[in-house]
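Chemist: Generate the whole structure from the sequences, applying the supplied hints.
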Amino acid sequence: MHMFARTEEQELLAENIARLLGEEYSFEVRYGSRPGPADSATAMWSRLAELGVLGAALDPDHGGFAGDARTIAVVMAQLGRGLACAPFAEAALIVGRILQQWADDSARLAALESLMEGRSTTLLAHPASATSESPINVIAARRDNGIVLSGNVSCVRHANLAASYLVPAQSDDRLVQIYLVPRDSSGLLLEEYRLIDDITAADVRLREVALPPSACMSFRVDVRDLIADALEWGTLASVAETAAILESLNSATFSYLMTRKQFGALLGSFQVLQHRAADMHIAAEETLAITDEAIDAFGVERNRARSALISAAKVVADTAARRIGSEAIQLHGGMGVSDELIVSHYARRLVALRHQLGGADAHRQRFRGMQ
Amino acid sequence: MIPHSISQLLTEPDHLRQWRSEVREFVTAHLPRDLERKVALGLKLNKDDYVRWQKILHQHGWFAGAWPVEHGGQGWDLVKQWIFTQESAICNAPMVIPYGVSMLGPVLYTFGNEAQRREHLAGILSSDRWWCQGYSEPGSGSDLASLKTSAVRDGDHYIVNGTKMWTTEAHWADWMHCLVRTGGSGKPQQGITFLLIDMKTPGIVVRPIITIDGIHHTNEVFLENVRVPIVNQVGEEGQGWTIAKFLLGNERVSIADTGPKLRQLRSLRALYAKAEGDAPIEQRALWKVQLADMEIQLLSLCALERRYIEAWNAGKKASADASILKIRGTEILQALTELSLDLEGPLSNAHDPKDLYRDPLHPLTAAQQASLVAHEYLYGRCWSIFGGTNEIQRNIIARQILNA
Numbered sequence: 001m002h003m004f005a006r007t008e009e010q011e012l013l014a015e016n017i018a019r020l021l022g023e024e025y026s027f028e029v030r031y032g033s034r035p036g037p038a039d040s041a042t043a044m045w046s047r048l049a050e051l052g053v054l055g056a057a058l059d060p061d062h063g064g065f066a067g068d069a070r071t072i073a074v075v076m077a078q079l080g081r082g083l084a085c086a087p088f089a090e091a092a093l094i095v096g097r098i099l100q101q102w103a104d105d106s107a108r109l110a111a112l113e114s115l116m117e118g119r120s121t122t123l124l125a126h127p128a129s130a131t132s133e134s135p136i137n138v139i140a141a142r143r144d145n146g147i148v149l150s151g152n153v154s155c156v157r158h159a160n161l162a163a164s165y166l167v168p169a170q171s172d173d174r175l176v177q178i179y180l181v182p183r184d185s186s187g188l189l190l191e192e193y194r195l196i197d198d199i200t201a202a203d204v205r206l207r208e209v210a211l212p213p214s215a216c217m218s219f220r221v222d223v224r225d226l227i228a229d230a231l232e233w234g235t236l237a238s239v240a241e242t243a244a245i246l247e248s249l250n251s252a253t254f255s256y257l258m259t260r261k262q263f264g265a266l267l268g269s270f271q272v273l274q275h276r277a278a279d280m281h282i283a284a285e286e287t288l289a290i291t292d293e294a295i296d297a298f299g300v301e302r303n304r305a306r307s308a309l310i311s312a313a314k315v316v317a318d319t320a321a322r323r324i325g326s327e328a329i330q331l332h333g334g335m336g337v338s339d340e341l342i343v344s345h346y347a348r349r350l351v352a353l354r355h356q357l358g359g360a361d362a363h364r365q366r367f368r369g370m371q
Numbered sequence: 001m002i003p004h005s006i007s008q009l010l011t012e013p014d015h016l017r018q019w020r021s022e023v024r025e026f027v028t029a030h031l032p033r034d035l036e037r038k039v040a041l042g043l044k045l046n047k048d049d050y051v052r053w054q055k056i057l058h059q060h061g062w063f064a065g066a067w068p069v070e071h072g073g074q075g076w077d078l079v080k081q082w083i084f085t086q087e088s089a090i091c092n093a094p095m096v097i098p099y100g101v102s103m104l105g106p107v108l109y110t111f112g113n114e115a116q117r118r119e120h121l122a123g124i125l126s127s128d129r130w131w132c133q134g135y136s137e138p139g140s141g142s143d144l145a146s147l148k149t150s151a152v153r154d155g156d157h158y159i160v161n162g163t164k165m166w167t168t169e170a171h172w173a174d175w176m177h178c179l180v181r182t183g184g185s186g187k188p189q190q191g192i193t194f195l196l197i198d199m200k201t202p203g204i205v206v207r208p209i210i211t212i213d214g215i216h217h218t219n220e221v222f223l224e225n226v227r228v229p230i231v232n233q234v235g236e237e238g239q240g241w242t243i244a245k246f247l248l249g250n251e252r253v254s255i256a257d258t259g260p261k262l263r264q265l266r267s268l269r270a271l272y273a274k275a276e277g278d279a280p281i282e283q284r285a286l287w288k289v290q291l292a293d294m295e296i297q298l299l300s301l302c303a304l305e306r307r308y309i310e311a312w313n314a315g316k317k318a319s320a321d322a323s324i325l326k327i328r329g330t331e332i333l334q335a336l337t338e339l340s341l342d343l344e345g346p347l348s349n350a351h352d353p354k355d356l357y358r359d360p361l362h363p364l365t366a367a368q369q370a371s372l373v374a375h376e377y378l379y380g381r382c383w384s385i386f387g388g389t390n391e392i393q394r395n396i397i398a399r400q401i402l403n404a
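For the record, the sequence lines run as chains A and B.
When we follow our numbering, the leftmost residue of the first sequence carries the number 1, and every step to the right adds one.
When we follow our numbering, the leftmost residue of the second sequence carries the number 1, and every step to the right adds one.
Don't read these hints as lab results, they were simulated from the structure.
Partner residues aside, some chain B positions facing chain A, computed with beta carbon under 10 Å: (1) V289; (2) Q290; (3) L291; (4) A292; (5) D293; (6) S300; (7) C302; (8) L304; (9) Y308; (10) A320; (11) S323; (12) L402.
Quick look at which bits of chain B chain A covers, simulated, 3 or more residues with Cβ under 8 Å: (13) 9-15; (14) 324-335.
Short, incomplete list of chain B residues facing chain A, as computed with Cβ under 8 Å: (15) L299; (16) R307; (17) I397; (18) I401.
All C-beta atoms, glycine included, are put in the ideal place defined by N, C-alpha and C.
Modeler: If you want it as structure tokens, here you go:
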């Protein structure tokens, strides 16, 4: 049984992703060949598209085959376990949720088809750590029958992979709209850097980027709600991925404790380490349980209970990730900090996940606000 | 808005939601006002209070939910039992005292003979025969199998000698179900026998143990040449450990015990609402975060509790799951009481055990209310110790995850 899966389709989907990552993009293959995993992102993305995985993020009404929270959790768990650096949450899920509500029928269909086929990548230009409550820093001004965008969006994950961006911007009358901005627009600059989980991000700088009026996308729902909804789905994805990595780290650590000997005894025979392992197990179990509850809460449209629950799940996942990320390294001893073992890579990915879409502090506040 | 309970954030299928509201309606309609107030305020309930509520439950067919119908129970599955227990506590109903109905009853209809069932089941159902549990001993707590109380055959009687300890509410009990040693060789788990002992038998002395909260909950029970008829042996001689494990296994459904914690969380929110007005803004901000964190921890315990109970209900073996619930449940309870104390501010040191016996229908002073908070904090220290310390629980978890 694969994590979060309840149906045969979900089991099969998980199996397919696990096989792809295990055979073509295993940790050993990717990390054995320098310069590193980021280079495999584009190739992996096409393979995921070929396998039809990208359609998991979209509703059947829009050409996808799932679009439900549980299927998305199933996908994220496998991508997490396999340490995939593919932008499923960013480019398929978050963007997919937004594009599905695009009121322009033909543009919508074309964009979603392109998304599913992995032909071109679109990203939401929002800071990696933003929650649905974060302010929007890009300003939209009218000029000469067109629009000019100015501002800076810091740390957009995978920004280098995108052919275009969905840029939320605020106009003088405080109205928030989303603008479709091609990567090669004049005045759009990327300041790229690598992140702790080996992927590339960029500050997207918009210096008087001039756009035609058609760049302003119209949606069937309120734009702020749409963004908030999409970011909540993204948060669910990050929590599901965290849950899977926690399980992988625990299982690596527990088997290490039962293999490695010190002073003539298995590490796992020392009670102090047994108890720390027990606490790691508890933390992973809690994350799994609250994530399952959050998944069920996504069966309805966004409401305060759902928002509170996803924030609660993020806090639990973040807390568990902090504990397990550091304990897995500590209990592996020197091997835990080596680049050769997957442990240190999982630990770095957990740091990234913890800070994505709001950390524990932000979500505690958000949880309070939702009640 | 303060919800009825934060656990409502979790999605529940319709039939369970329906069951929950039935429970709520029942409790609201039948729970006497003074009992409701006692539980809501955190006052001490006496034996009559518990008996009164259990009799009400029994009269209306809401008692012994876990028992099969043919033995006078309701035949509820684990999920229904759990929702009943949780929702009752949220609605300020007294807990159902487990020693008879939850512990001994299932032992009797599973291991007992016909005569023992006839003799004891009715008294458990009517709450007219009150039970205590004679397990722990001085020197045998979490390491229960090391118990030394001996039972030696003498014709159609056992002669029992030894001391039982931490025997909660033994001073209320008519009878005690008890583990005694009938054989000495082999593993410590062998040679243990399950006996039912009438507390009026000559040779039994009950000595109160006053706990850290200044209250008499528990006791030491001295047994000196106590003659117990052989007919009061349940199961075979030497089967005691198996029966004890079965009995404790039945406790798993209430081991996380989220109901009272959800109730306490409500009090905590009320405390915060009271404290916030006078607190400086930095303190308020800190409390808000702590409160949110507390709520999130409890919510995740509720999620974990439901996940495990549903799995057990579907036939999965409990393994270390129950230990996880025990550890997190008690840690969260203790954290709740610690935060409550902090919120009492200048009154956080108020504590007079007498306040636990105040009139529930008469308003309490601020100091008296603070006193009850301190009591919860102090009594809360017990939870991570009894029923197998949290350290023992971690050993159990480690055995499972490390296959050691």
